[in-house]
Each structure stands twice: as structure tokens, then as C-alpha cells.
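The whole structure should be built from the sequences, with the hints applied where relevant.
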Amino acid sequence: MDRRTFLKTSVAAAAAGAVAMPHVARAQGGPIRIGLMAPLTGVVAAGGREMVDGFNMYWEEHGNEVAGRKVEVIVEDDAANPDTALQKARRLVEQANVSMLFGNLLANTGLAVANYVKGNGMPYFIPIIAADDLTQRNRIKNVIRVAGYTASQFPRPLADWALKQGYKKVATISQDYTFGHEQCGGFCQTFTEGGGKVLGQFWHPLNTSDFSPYLGQLANLGADVVFAMETGADATRLMQQYANFGLKGQIPLIGAMNMTDQSVIRTMGDEVDGVVVAAHFAEGSPAPVTQSFVAAYGKKFGKLPSLYGFSMYSGAMWVDEALKSIKGNAEDRDAFLASVMKTDLTGSPLGQTVKMDDYGNPIYDVHIRKVVKNKDGKYWNEPIANYPNVSQFWKYDPVTYMKQPPYSRDFQGIKKS
Amino acid sequence: MSAPSSPVPAPLGSRVPLAGLAVALGALAFAVLPLLVPTYQVSILTEILIFAVLAMAVDVLAGFTGRTPLCHGAIFGVATYVVVYWSQQGGAPVTGVLLAVAAATLVAAIFGLLAIRTSGVYFLLLTLALGMIVWGVCLRWTSVTGGENGLRGTVRPELLAGHLPFYYAVFAVVGIITCVMWRFVRSPFGLTLRGIRDSESRMRALGYNVSLHLFLAFTISGFFAGLAGALYAMFNDFVSPSTVALSQSVEGLLMAITGGIGTLFGAFIGAAAIIGLENFVSQYTERWQSVLGLMFILIMIFAPQGVIGRVRDLLTRRR
Chain G
1 MDRRTFLKTS VAAAAAGAVA MPHVARAQGG PIRIGLMAPL TGVVAAGGRE MVDGFNMYWE
61 EHGNEVAGRK VEVIVEDDAA NPDTALQKAR RLVEQANVSM LFGNLLANTG LAVANYVKGN
121 GMPYFIPIIA ADDLTQRNRI KNVIRVAGYT ASQFPRPLAD WALKQGYKKV ATISQDYTFG
181 HEQCGGFCQT FTEGGGKVLG QFWHPLNTSD FSPYLGQLAN LGADVVFAME TGADATRLMQ
241 QYANFGLKGQ IPLIGAMNMT DQSVIRTMGD EVDGVVVAAH FAEGSPAPVT QSFVAAYGKK
301 FGKLPSLYGF SMYSGAMWVD EALKSIKGNA EDRDAFLASV MKTDLTGSPL GQTVKMDDYG
361 NPIYDVHIRK VVKNKDGKYW NEPIANYPNV SQFWKYDPVT YMKQPPYSRD FQGIKKS
Chain C
1 MSAPSSPVPA PLGSRVPLAG LAVALGALAF AVLPLLVPTY QVSILTEILI FAVLAMAVDV
61 LAGFTGRTPL CHGAIFGVAT YVVVYWSQQG GAPVTGVLLA VAAATLVAAI FGLLAIRTSG
121 VYFLLLTLAL GMIVWGVCLR WTSVTGGENG LRGTVRPELL AGHLPFYYAV FAVVGIITCV
181 MWRFVRSPFG LTLRGIRDSE SRMRALGYNV SLHLFLAFTI SGFFAGLAGA LYAMFNDFVS
241 PSTVALSQSV EGLLMAITGG IGTLFGAFIG AAAIIGLENF VSQYTERWQS VLGLMFILIM
301 IFAPQGVIGR VRDLLTRRR
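If you're matching them up, the sequences are chains G and C in order. Note that this note's numbering has the first sequence beginning at 1, numbered continuously upward. Note that this note's numbering has the second sequence beginning at 1, numbered continuously upward.
These are computed hints drawn from the structure, not numbers from a lab. Misleading hints may appear alongside valid ones.
[Claimed, not checked] Interface residues of chain G toward chain C, partial, derived using beta-carbon atoms under 8 angstroms:
#1 Asp77
#2 Gln95
#3 Ala112
#4 Gly347
#5 Arg409
[Unchecked claim] The calculated label-pair distances, taken between Cβ atoms and stated as ranges, are:
#6 G:Lys355 with C:Ala109: 55 to 63 angstroms
#7 G:Ser408 with C:Ile176: 38 to 46 angstroms
#8 G:Asn64 with C:Leu314: 49 to 57 angstroms
#9 G:Gly119 with C:Thr95: 21 to 29 angstroms
#10 C:Leu28 with G:Ser408: 45 to 53 angstroms
#11 G:Lys355 with C:Leu33: 33 to 41 angstroms
#12 G:Thr400 with C:Tyr284: 28 to 36 angstroms
#13 G:Asn64 with C:Gly293: 33 to 41 angstroms
#14 G:Ala46 with C:Ser143: 30 to 38 angstroms
#15 G:Gly63 with C:Val32: 40 to 48 angstroms
For every residue, glycine included, the Cβ atom is placed at its ideal position computed from N, Cα and C.
Okay, structure coming up:
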């Protein structure tokens, strides 16, 4: 919408005393409208921007259409605030008449929207929201994690890998909120059940600028390895201060995938070298599909793809495949959701087939990946080991697993030895 | 920012027909509009009504008592938390609302005891700090409040599940609340509050118990904020720390100021302007917050007394 039309509409709407846009009737055979929510302002705006980029990139590559119907993506800013997210979700569903909702970054925004769609059955796809219970204890049928993951899913193979490296004693440091509790919990449970010991756990508030009190204690615990779960600026600061305190090279640093995501390490130097994390996606994977995606993304946006860009791209692909198999009839929600659950993601930048489990969370071959310099001198994540077919339930039986309480500060699944 | 102390607009008086007409027209608009617009706009209108109550609660203190609070978002949010928590535990909505309003009033009473000793910028800062405590508790007490992720429930009774029934329920409740508040600020008690606003020492010399009046005003204002919070819980079925955050308190205050501080009904205009603009502008630009900021600056420059205050001034000048 250009400025003139914008002004005209503003004036018209102001005159009418309403904030209305014309009510658009849903038309079968017309375009498929997708409501995309991402935090374009606020603390995680950079990630939100990459979400939108990745999502749009997919549809542009595929001519903005599926099964002969045009695809219209309507982007809304959730401002990283659950109340705003809820309001925007309402607008997309009730006014913009979308056939599905996509996106959100922070768990609290996703949970708010999930609670809203629970009531009206709108399909809601969450490639980024990792809150465990959305595909476990509090599963909602129409909320599906296409190309996403649960928080505790990937730290488990990492714990197994750490045990195989001979690490027996771990100390953890993590941001003190649910996403951190869940990732640490996944790690600690598998690690202690495999015979390892957790010497200490440190929880710090989001946006901690000085890690020295924690690092001092970490250094004196006598741990073989440190597991860190950090996002955004906290990740940058932790890795920098870990190196400054001389801990780097002394105690190996492993962690949750967000810590070495491109959105973090792209601006960093040698302090990130050699950090090991587990993830489904590794931009340094030699698989040809991965490399062609990385090249295409780099050409378009001038940087290596982050988790956000990759996940939204693959999520779009998943839904595209599902829609093709039902001839683009997104209005038949039951068939649509069933089709998404049945679809196997084959052509994604992962270079592997991804299936959905019965609870709406994908099963991945998980890479243990290490941060190294690529041939352009930029740091990226290269796979060093592989764990096939890792579901959100690891090796547990889903029903038994869901009987244990959700991870929290107080419950980390640590096995007493 | 203290309330406009000098020429207090003569309590309605000669303008009664005009003011009464404006109020009636406003009420009529809120009654009829939802029938004409699609459901999403109905939910926006619902939100406007709920936030107008919060802004009126703020106005009781900021406009009529001369104490500008920055903790009403937190008091509002306490009620929201209680309602959602109660419904999550399987309690009946009615009991939840009663408990919530009681909790909010209690919190307001405690805050009041601490805050009424101060005035001016100290009052502002103290209430800000008190509000932040609530926010901190909600964020950290994960086992009860769900921490960062907040709480979800199905609060709204089956009967009011639809957009329109819920809107009219809120409309009725807000209508009653507004009448009560209007009576309240025009009662002898309300006049005493205005006296305190204009000159605390004089009221004390006249023999009024100023602290008690301030305490009661604070608590009553908190009671109304709690009612708004309980309604908001039913509206959203969800609560998280952002509901009790500072920005919520600020938003309530901005609505009161935009509409006109010390006018009570200005709260509706302020809430409509801010929520309406938020939703309207954000459709066109992700820089909608900048647009809002610019609007506030313009209001502060050209109509520091708010929309209603400005209109009043213009009408007076014409005579």
C-alpha cells in the first residue's frame, strides 16, 4: 500500500469513526491466505526478521502458489508480547480470513496463540516455538510443529555423545525460564541415566551482563564439561566471558543449539571456536541440498542462514507438500491437518526424510555439530556425529514419559545414583 | 505531572445538557457499533471498554486526587492472574472474579499504605517500584504463575463464549461501573479528594483526615482496576507477566491523559484512541509504535489537557 492510499484509507476510516478494513469474504478457489506472526519489534526483532525472510523466500522460489492457488502471506508483528500476539492472531483469523496461522518466536507468545486456536480449530504451525508440552502433555490437535522441535529433544543425544567422550561430571548454566529448564532437563536426565553426574546447576536471569559470579563457581566445581543453554545476547556474552576467564580450552563447552546459531555467532570471533551442540540443522553439513540452500540464502540476504530462516523455510515447504496432496483445499481443516501429519518432508535443506510423530512433532536425524571456520573464514556449525531417528521422547515410551512432571527449575529428571 | 490544578472546570453546571448529550451519544455508539462491524472489531471494542475502566481507575487518583500512580497495571494484572489461576484449578468463574477483585483491592490497600506518605515524583517512583515487585513475583514464582510462559485457562462461561454476548455483558458491567465511579467522584468524598489535590495543607487545616482519604481513594481506585483486570482475564483466557508489566501501567495512564485527566469519561476516548490506533496503524507499518509516540508528543504539545479538556476549553472560549 503506498502512502497516498494509506492516507486516504486513514482519513476514510477516521471519518467513519471505525478502525475497520473491508470485510473480505472467504472464497473457495481464491488465494490461500497464511497469517504469519513474528516479532518485528522488541528484543528479538532480528530473529523475527529472519523468520519472515525464510518464509517468504520459500514462497518466492515456488512462485507464490500451491496446487494452482495463489498464496498470500499476511505478516503481523507480535512485538514479542503475548497480549499483542493474541490480538494479532484474532485479527488474522477474524478479519483477514486466513486459512492457517504460522510463526511466533517466544514460547509465551506461542502458548497464548495456541490457547486461542484451541477454541476455534484454526490450524497453527510453529516451526520455532519449542515449549515441550505443546506436543506432549497439553497437545492441541490443530497445533503442529512443522519443521520445529521440542526444547528437550536435542540435548538428549548430546548427553549421550558427551558420555561417550568420557565426560562423567557436568555443570550446567542456563537462562532461568522454561525454555532453559526444558533444555537442561533433557540433558541432565539422559546424562545421569547414562551414569553421569550433575555437579551443579546455575540459573541466571535473562539479559545477564556479567557472568563472572557464575563462571568463578563453575571453574571450581571440577566438572569435565560445561553445558550451557543461552539465547541471543546472553549467548554472546557467556561465550566471550568464558574465553576471557580462561575457561575455554580448560573445560570443554557444550550447549543447546541456540547458543551457536548463526544469529549469535555470525558477529563473533575465535571465542566460539570448538563449541559443540546438537541440532537437526547444521549449515556446515556437506549435504548438497544443505549447501545449495545456504548458497541461495547467502545470495539473497548476504549472510549464513540461522535457525529462524531455515525453520520457517522448511515449515513452509512442509505445508506446501501437504496442501499439494489435498489439491490445495486448505478450507477442509480436518483433511488439511491430517495431510500435514502424514506428509514426510523430503526435499528440505536437511537432506534427510523427516516424519511427524503421533503428537505433531517431527522425528529427526540429529547432528552433533561443532563450530569451526569454513573456507571463507566464517564460523559455522559442522556435523561431527549423527543420531538417527530422534523423537521428542528419546528412548522412552511416550505414555510413561508424559507421566513424569514437566521440566522446571525443581524437576530436572536427575537420576539419583 | 500533576493534575491541572488551576481553573477547575466548573462541575458541569451550565454545560449539563451538552455534556449529557455527549455522554449519551457515546453510550449509544458503544451500544450500536458492535452490530455493524465484523467480529474482530467487536473484540477491539470489548478491549476498549475494559481498558477504559483501568484508565478511569487511574484517573480517580491522577485526575481527582492529584497523585499519579504507575502501579495500576500491576493491580489490574493481579486480578487477571487470580481469575485465570482459579479457572485452571477448576473453580467457578464467579468465585474467581470475586476472589480476583478482593485480591486486587488487598494489593491496592497495601500499596496505598506505603504510597500515600509521598506525593509528586516520589509517589510516581514508589508506585512504579511497587508495581515492579508484582511483575517480579509473577515472573519468578513459576510454580504458581507459570513464569515467563504465563497461565492459560478457559475462563469465559459457556453462555458468553460468542463475541457479541460477551461484548454486551462487558458493556453492561462497564456501564454500571462508570455510573458508580461518576457518582463517586462527585460525592462529598470525591470533592474532598479534589480539595486535597488542590491544596493538601488547606484541607488538613480544615480538619480533614487527609491520609485516610488518600488511602481510601487509592484502595477504591485499585478495586476498579481489579474489576477491569478480571474482565480482561475473561476476554483473553490467558495471562503472562506482560499483563502486570510497567508498560501496562503506563498504557493506562496514557489513556487517561489522552482523553483528559480529571474528566473520567475521557478514559473512553483515550482507550479508543490508543487501542484503535494500535490496531489500525499496525496494519500498515511495523513502526506503529513510533506513530503512537509521535501522537503522544503532539497531544502533549497541542492538547496537554487531553481531548475532552481541549474541547471544554474551546467551548468555554466561544462563550
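Going through the hints against the structure:
no., hint, result
1, Asp77, "5 angstroms, holds"
2, Gln95, "4 angstroms, holds"
3, Ala112, "5 angstroms, holds"
4, Gly347, "31 angstroms, violated"
5, Arg409, "7 angstroms, holds"
6, G:Lys355 with C:Ala109: 55 to 63 angstroms, "57 angstroms, holds"
7, G:Ser408 with C:Ile176: 38 to 46 angstroms, "42 angstroms, holds"
8, G:Asn64 with C:Leu314: 49 to 57 angstroms, "52 angstroms, holds"
9, G:Gly119 with C:Thr95: 21 to 29 angstroms, "22 angstroms, holds"
10, C:Leu28 with G:Ser408: 45 to 53 angstroms, "51 angstroms, holds"
11, G:Lys355 with C:Leu33: 33 to 41 angstroms, "50 angstroms, violated"
12, G:Thr400 with C:Tyr284: 28 to 36 angstroms, "51 angstroms, violated"
13, G:Asn64 with C:Gly293: 33 to 41 angstroms, "35 angstroms, holds"
14, G:Ala46 with C:Ser143: 30 to 38 angstroms, "32 angstroms, holds"
15, G:Gly63 with C:Val32: 40 to 48 angstroms, "46 angstroms, holds"
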